[in-house]
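Colleague: Here are the chains, one letter per residue:
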Amino acid sequence: MSTAANTLVFTWGNPSRGDDALGYLFHDELIRANFDDVDVLTDFQLQIEHCTDLENRKRVIFVDADMTIDNTYSIEQISPDSTMAITSHAMSPQALMHVCTQVNQSTLPECWLLRIRGYTFELGHPLSEGAKRNLNQALSATKRLIKNKIPKED
Amino acid sequence: MSNLETAKHPENLKRIAIEPLTRVEGHGKVTLLQDENNQIQQARLHIAEFRGFEKFIQGRPYWELPVLVQRLCGICPVSHHLAAAKATDILVNATISPTAEKVRRLMHYGQTLQSHALHFFHLCSPDLLFGYDDEVRHRNIVGVIEDHPEIAKQGVMLRKYGQEVIRITSGKRVHGTGAIPGGVNKSLSREDINYLKKDIGQIVEWAQAAVELIKNIINQQPEYHKTFATINSNMLSLVDANGGLEIYDGSLRANAPDGETIFDQVNVLDYEQYIVEGIKNWSYMKFPFIKSIGPDDGWYRVGPLARVNNCDFISTPLAEAERTKFRSFNQDKPVQSVLAYHWARLIELLFCTESIQLLLDDPDISGNDLVNKGDLQAKGIGVIEAPRGTLFHHYEINEDGLVEKANLIVSTTNNNQAMNESIRQVAVDYLNGNELSEPLLNQVEVAIRAYDPCLSCATHAMGKMPLEVELLNASGEIVDRLHKHSDGHCS
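Quick mapping for you: the protein sequence lines, in order, are chains A and B.
Note that the numbering used here numbers the first sequence so that position 104 is 104, with each residue one more than the last.
Note that the numbering used here numbers the second sequence so that position 438 is 438, with each residue one more than the last.
No lab work stands behind these hints, which were simulated from the structure alone.
A virtual CB, placed ideally from N, CA and C, is assigned to each residue, including glycine.
Do not take every clue at face value.
Stated by the list, open to error - Each computed BS3-like pair below joins lysine-lysine, with the alpha-carbon atoms no more than 25 Å apart:
id, chain 1, residue 1, chain 2, residue 2
1, B, 286, B, 379
2, B, 226, B, 153
3, A, 58, A, 132
4, A, 58, B, 286
5, A, 58, B, 160
Stated by the list, open to error - So these bits of chain B aren't anywhere near chain A, every CB distance computed over 12 Å:
id, residue
6, 72
7, 75
8, 155
9, 164
10, 242
11, 283
Claimed, not checked - Facing chain B, a subset of chain A residues (Cβ under 10 Å, in silico):
id, residue
12, 24
13, 35
14, 38
15, 41
16, 47
17, 48
18, 49
19, 82
20, 98
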């Protein structure tokens, strides 16, 4: 296994369910950008074993579609939260962070949550026009964040 | 079939809805009708079924199917991947090579391992370890991690190991392309094998510990585990040619509630002669049943409970020893308790770890004979034992290789009637005469959760997972409401 990059961008979503593809497409775009010292991973859902992906990182950016925010996207720093209980197979990033504090050996990285506004999530639907616009704006903002704030080696 | 399926005079009854169900995948709803004495008169499980599946698939070229169908479900993409690959093997008229079959088996054991680990440790152990009336904020995986860190860590690592097996056999974490029509597109390198062999001994040990854990839990309350939501049902599964446990290939076997054979060694290509998909006017989801018995008594269960009950033996020694103990729980008769799903699931988890260990020592796993093909056929059927139960993929293509007909019977559909029967049993045993409360309603969810249903829908955008329970009077007015938020607290 290769050494973990200092920054991890972790996206999730189902590419065949309309705007749920936002996380997956975000992943592909960032792979193309080919940033140094940045790993980009994706999965269908955020799951408990992903705590192992957070080990030995300095910064993690979680990325998911969201149908509750008012803006095109929102980004905020997040903290572990044991009260963000899991009600399905999927976990919240805050709950995953809490699991990391219990399971991982390394210090918990600085974690950010990027939520991109989506509108339709039906099987077989393409990405909506609104989500396409939101994706591009969120990508630009994230690329700036990565370029300007990649943590340096100690 | 229970008489609680349809109330005689629903217009006079209070309606309670549990929606959506928690710690199951996707969106489902339970509706209960109570009379003025709080006696349950009707109980139904509603699932928003995979209505778009066939439309999503029709018109697509057959060679896309193994990759395309992974997108149907974010929980069991590998099951759909392999079932579709098996169907396309028939479409290309291929007998796959030993290397292709073993790489696919490895992938399947990896996915069953990770799925069963997630279900037990993540979704069900909170109920089993803390009790069904534990404080809801604590009754989740975070609570398990805080109170039982070693158990929780083992659950995480078992799950992770299974995911690594999938990644290596399918090429990547998501949307892997490992299985293709007629075979696989890669075998394992020496580096891959060494990487997986490094931890497999520990993984087998943890799987054994998981089986011990569930046995200890059951031994603390054996009568409860025998009787909770217990129903007597037929059971359907694949078995191998000798009657052994089989989750990748094999033939169909159906046994009656007393263990007597209904049919055995049925070629999966003939499944339509034995299984009928019934419909009911109150549900979008179909209700499959055994044709020779009929809809009233021909419904059946699939999944770990059916598989471990139906098989005559398990080919790996540790799992076989546990199967023997499992069967002795009911004097060598089929174990019908719904909570025994957990026990059977962990026996299968152990079987998968042993099977992975064996395959990693098999030279075929790194062979070069990857793909076979013949003349294109019009119809292909692939059947696999997904973690949740028997999964049927049936495709018919035109001369251009485009899909004209697709029919999928997924595991959760196979268990539809059985889940309905289980919640009716809970309603009779626990809800009758009682006022609404979260711990009480959790009993309904516990019964459903034991089946590990995948209620479809990998859509999981944040903010979509509350639990709403409403109590309405005969006029349809809300007289009480319980809301469980996505962070777990109730208001």
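Colleague: Can you verify the interface hint for residue 47 of chain A: is its Cβ closer than 10 Å to any Cβ in chain B?
Modeller: holds (7 Å)
Colleague: Within 25 Å, alpha carbon to alpha carbon, are residue 58 of chain A and residue 286 of chain B?
Modeller: Violated. Residue 58 of chain A to residue 286 of chain B sits at ~49 Å, over the 25 Å cutoff.
Colleague: So is residue 75 of chain B really clear of chain A, every C-beta pair being over 12 Å apart?
Modeller: Non-interface label on residue 75 of chain B violated, nearest chain A Cβ at 6 Å vs cutoff 12 Å.
Colleague: For the restraint on residue 38 of chain A, tell me whether the closest CB of chain B is nearer than 10 Å.
Modeller: violated (17 Å)
Colleague: Check whether the Cα positions of residue 286 of chain B and residue 379 of chain B lie no farther apart than 25 Å.
Modeller: Holds - the C-alpha atoms of residue 379 of chain B and residue 286 of chain B are around 23 Å apart, at most 25 Å.
Colleague: Go through the hint on residue 82 of chain A and say holds or violated, using the shortest Cβ distance to chain B against 10 Å.
Modeller: Check passed: Cβ of residue 82 of chain A comes within 5 Å of chain B, closer than 10 Å.
Colleague: For residue 242 of chain B, is the shortest beta carbon distance to chain A beyond 12 Å?
Modeller: holds (35 Å)
Colleague: Holds or violated: is the Cβ of residue 24 of chain A closer than 10 Å to a Cβ in chain B?
Modeller: holds (8 Å)
Colleague: With 10 Å as the cut and Cβ atoms as the points, is residue 49 of chain A at the interface with chain B?
Modeller: Since the shortest Cβ distance to chain B is 4 Å, the answer is holds.
Colleague: Was the hint right that residue 98 of chain A lines chain B, CB cutoff 10 Å?
Modeller: holds (6 Å)
Colleague: Was residue 72 of chain B rightly flagged as not at the interface, with every chain A Cβ beyond 12 Å?
Modeller: violated (7 Å)
Colleague: Does the alpha-carbon distance linking residue 58 of chain A and residue 132 of chain A stay inside the 25 Å limit?
Modeller: violated (30 Å)
In this structure, the hints that do not hold are numbers 2, 3, 4, 6, 7, 8, 9, 13, 14, in rising order.
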